[in-house]
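Each chain, written out:
Protein chains: 2
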Amino acid sequence: MKPGGALTVGLLGCGVVGTEVVRLLREQADDLAARIGVPLHLGGVAVRRLDKPRPGVDPDLLTTDAVGLVTRDDIDIVVEVIGGIEPARGLVLAAMKAGKAVISANKALLAEDGETLFGAAREYGADLYYEASVAGAIPLLRPLRESLVGDHVHKVLGIVNGTTNYILDQMDTHGAGFTEALEEAQTLGYAEADPTADVEGFDAAAKAAILAQLAFHSPVRAADVHREGITEVSAADMASAQAMGCVVKLLAICERVPAADGNGRNGRGVSVRVYPAMIPRSHPLASVREAYNAVFVEAESAGRLMFYGAGAGGAPTASAVLGDLVAVARNKVNGTRGPAETTYAALPVLPMGETITRYHVQLDVADRSGVLAQVAEEFSRHGVSIQAVRQEGHGDDAQLVIVTHRADDAALAATVAGLSGLDIVRNVASVMRVEGDD
Amino acid sequence: MKPGGALTVGLLGCGVVGTEVVRLLREQADDLAARIGVPLHLGGVAVRRLDKPRPGVDPDLLTTDAVGLVTRDDIDIVVEVIGGIEPARGLVLAAMKAGKAVISANKALLAEDGETLFGAAREYGADLYYEASVAGAIPLLRPLRESLVGDHVHKVLGIVNGTTNYILDQMDTHGAGFTEALEEAQTLGYAEADPTADVEGFDAAAKAAILAQLAFHSPVRAADVHREGITEVSAADMASAQAMGCVVKLLAICERVPAADGNGRNGRGVSVRVYPAMIPRSHPLASVREAYNAVFVEAESAGRLMFYGAGAGGAPTASAVLGDLVAVARNKVNGTRGPAETTYAALPVLPMGETITRYHVQLDVADRSGVLAQVAEEFSRHGVSIQAVRQEGHGDDAQLVIVTHRADDAALAATVAGLSGLDIVRNVASVMRVEGDD
Chain X
1 MKPGGALTVG LLGCGVVGTE VVRLLREQAD DLAARIGVPL HLGGVAVRRL DKPRPGVDPD
61 LLTTDAVGLV TRDDIDIVVE VIGGIEPARG LVLAAMKAGK AVISANKALL AEDGETLFGA
121 AREYGADLYY EASVAGAIPL LRPLRESLVG DHVHKVLGIV NGTTNYILDQ MDTHGAGFTE
181 ALEEAQTLGY AEADPTADVE GFDAAAKAAI LAQLAFHSPV RAADVHREGI TEVSAADMAS
241 AQAMGCVVKL LAICERVPAA DGNGRNGRGV SVRVYPAMIP RSHPLASVRE AYNAVFVEAE
301 SAGRLMFYGA GAGGAPTASA VLGDLVAVAR NKVNGTRGPA ETTYAALPVL PMGETITRYH
361 VQLDVADRSG VLAQVAEEFS RHGVSIQAVR QEGHGDDAQL VIVTHRADDA ALAATVAGLS
421 GLDIVRNVAS VMRVEGDD
Chain H
1 MKPGGALTVG LLGCGVVGTE VVRLLREQAD DLAARIGVPL HLGGVAVRRL DKPRPGVDPD
61 LLTTDAVGLV TRDDIDIVVE VIGGIEPARG LVLAAMKAGK AVISANKALL AEDGETLFGA
121 AREYGADLYY EASVAGAIPL LRPLRESLVG DHVHKVLGIV NGTTNYILDQ MDTHGAGFTE
181 ALEEAQTLGY AEADPTADVE GFDAAAKAAI LAQLAFHSPV RAADVHREGI TEVSAADMAS
241 AQAMGCVVKL LAICERVPAA DGNGRNGRGV SVRVYPAMIP RSHPLASVRE AYNAVFVEAE
301 SAGRLMFYGA GAGGAPTASA VLGDLVAVAR NKVNGTRGPA ETTYAALPVL PMGETITRYH
361 VQLDVADRSG VLAQVAEEFS RHGVSIQAVR QEGHGDDAQL VIVTHRADDA ALAATVAGLS
421 GLDIVRNVAS VMRVEGDD
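Chains X and H, in that order, give the protein sequences. For the first sequence, full-length UniProt numbering assigns the number 1 to the initial residue and increments by one for each residue that follows. For the second sequence, full-length UniProt numbering assigns the number 1 to the initial residue and increments by one for each residue that follows.
Treat each hint with caution, since some may be false.
Said to hold, decoys possible - No farther apart than 20 angstroms at their CA atoms in a straight line, the calculated lysine to aspartate or glutamate pairs in the EDC-like style are these:
id: 1; chain 1: H; residue 1: K155; chain 2: X; residue 2: D409
id: 2; chain 1: X; residue 1: K97; chain 2: X; residue 2: E123
id: 3; chain 1: H; residue 1: K155; chain 2: H; residue 2: E354
id: 4; chain 1: X; residue 1: K155; chain 2: H; residue 2: D31
id: 5; chain 1: X; residue 1: K332; chain 2: X; residue 2: E115
id: 6; chain 1: X; residue 1: K155; chain 2: X; residue 2: D409
To be clear, the hints were calculated from the coordinates, so they are not data collected in a lab.
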């Protein structure tokens, strides 16, 4: 802290989010000082190139020496909005080692190596806040970390990627195909030229890992998350969902799996997965439109909660960074620190085969008597119980649509393999999970 | 703090919420200790009657001496779940004066006398947390107090009363009338035998006052809130709303009113009101069903956020109390305290006449030419601009439905008075505000 009592912030990165952080630090200076008790002062901004025009940023603050900035004596708080693993990880670790509080918006880093970062924060007694890393401006991590600490979270079910939600919403409301909806999203700036991270579910998987760590106090990395993207979702799938009173969403799901004997409050592990699934239109997540995000939390006492808002964008993300800045600055002023993350529960991440959910299976079948009996026998053989069956079309267009009760993924996979081998099944047209109705 | 390092809690009240708090303190003891750093110990429970059976509560902890409990040397934290103004206010003030941190679930008290309580908390350096006072388990006050502190809130729009939402939802989905829906809500336990506090909007007004204080850092009391209940909402109003693609909800609205010249970020005051209003079905609040609560927040940088969950009930409310308990206990362990509430912005609450919104007006009119011209002239004379007009029925059933652009409430009231005086208007059948579509 400076002699005058101000706290000094070092900013790593000055892209869309960083520029907004600089603007808010300037425009909200009086409010921030009132709420923290001392003024916040921007001490330096580390960038890769000094010659790029950065309107609103004092050129004298710019430096290419990021390591120098995070270890500078007068810096109290480091804000990391670079993204990616390196050099972000090295800088964040160096900052905490030098006694700085750190705020990060970096989902990739938190999901790749949260345990190392949490360990360093504990070792050096440093605050590490990262509200902006999941669901932009939506205050979500703080409620999980602080409001629900006296509760017991069973499940987190979220729409955490705006690009894919925009694409699926267009497919649902306008009957667009995936390629057409993706192109529109790219034209409007909702999707990148290379949309892989979004449409293949990598972005959502990183966020799912961060949410699972927090909700279950267990180590979960992005690589542990079962991941399926939305590129295979077809207009026919959307129509099937509509026929069932459902809508297709890309969901990030983090769930405790109970022990087989029902004993033990922690369950035998956690299931963390990202895939497109049908959810009933009456579910609160179903009405999350366009590029919005929302996360649904089920806790023992609190019941069902949902948090909704803009999941990305410079201003919303910067708003989340500012909220964290006030918290860590207040901690600095009080000579204390916020709650540390721990993975004390140490629940294992279970393989996808042990995940239990419901399924919607669509089969192209021969149009003759006895088909349903054979198909039903195949489900039964693998212990998968059928909730509803519907026949559609006839002759060469005959289809069976089967919705199952809850079953584990391994049994369903075995069922699908068995169905493919039946003479009377011409093609397994689609398999989609059904969530949010239990 | 005890020599062994535990923190001791004194509980005021042992009804539905208090009993749940006792249960959670026992069942979650290990988790709470892990997160706080020291165990929480229940030191005493103040009740009115000692002879009532209280399963799960150690009878040795019970006392009728509430004043003695809140000033006892070994008590660190006081949890107040009595409700009402007195004796709760005296006990909370005595506790803070004695250096105890206080957690209250008491919306009436916070809305009646927040400023006195905030002032006492500042004077005595005591924590005062009250997450459970608004919207039950939904983490809402903490995000407003802490996550959005670096942002600038424009508007809070909420469904904060579960009873009235249940009634309106039944009227909307089953075409029930108000009386019928109220009776059903009473049978199911969603409404009290004397439903006045809910259906006349008193409960929602208290919560609106608390939200406005927090969002705008200004003193707002329940008595300052413009309040209209739902007893006049008719099946015809619901049908009109449906015809417009809207649904009727009892809304608590807290809003900055900009200065006439558009200058000044704080605006010239705040409008705080509770009334039934139409909102578009596409609005996230429209899909809040049954007795659920949800609060929509518009902030400058964060954009649109929504918080959804169970607004009442023993377990959800106790979950919110436990979240506060962990926060204040951590503060005690660290020898610090949380952010104090202030009303530094001191914005005035504006009279209802200065509130600006849109209106849906339904008139029984004579079925002859020239009617629309006369009606339109009356709106125009008071500066209220018409967005849409629709004629329904004919002859003795002829009705005009008018939807206005944004206008102030005084101008609309003058318009309605003028319309009532016109020969061709037989009756002003209904006037309802339209929210959530700007």
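Regarding the pair K155/X and D31/H, is the alpha-carbon distance no greater than 20 angstroms?
Distance ~18 angstroms between K155/X and D31/H Cα, so the pair holds.
Distance restraint between K155/H and E354/H, which requires alpha-carbon spacing of 20 angstroms or less
Measuring from Cα to Cα gives roughly 16 angstroms; hence the hint holds.
For the pair supplied as a hint, K155/X and D409/X, is the alpha-carbon distance within the 20 angstroms limit?
With Cα atoms ~18 angstroms apart, K155/X and D409/X stay inside 20 angstroms; holds.
Given hint E123/X paired with K97/X - CA-CA distance at most 20 angstroms:
holds (8 angstroms)
Does the structure keep K155/H and D409/X at a Cα separation of 20 angstroms or less?
Between K155/H and D409/X the Cα gap is close to 45 angstroms, so the pair fails against 20 angstroms, i.e. violated.
So if I understand the rule, the pair passes when the alpha-carbon distance is 20 angstroms or less; does K332/X with E115/X pass?
violated (23 angstroms)
Hint compliance for this structure: hints 1 and 5 are broken, all remaining hints hold.
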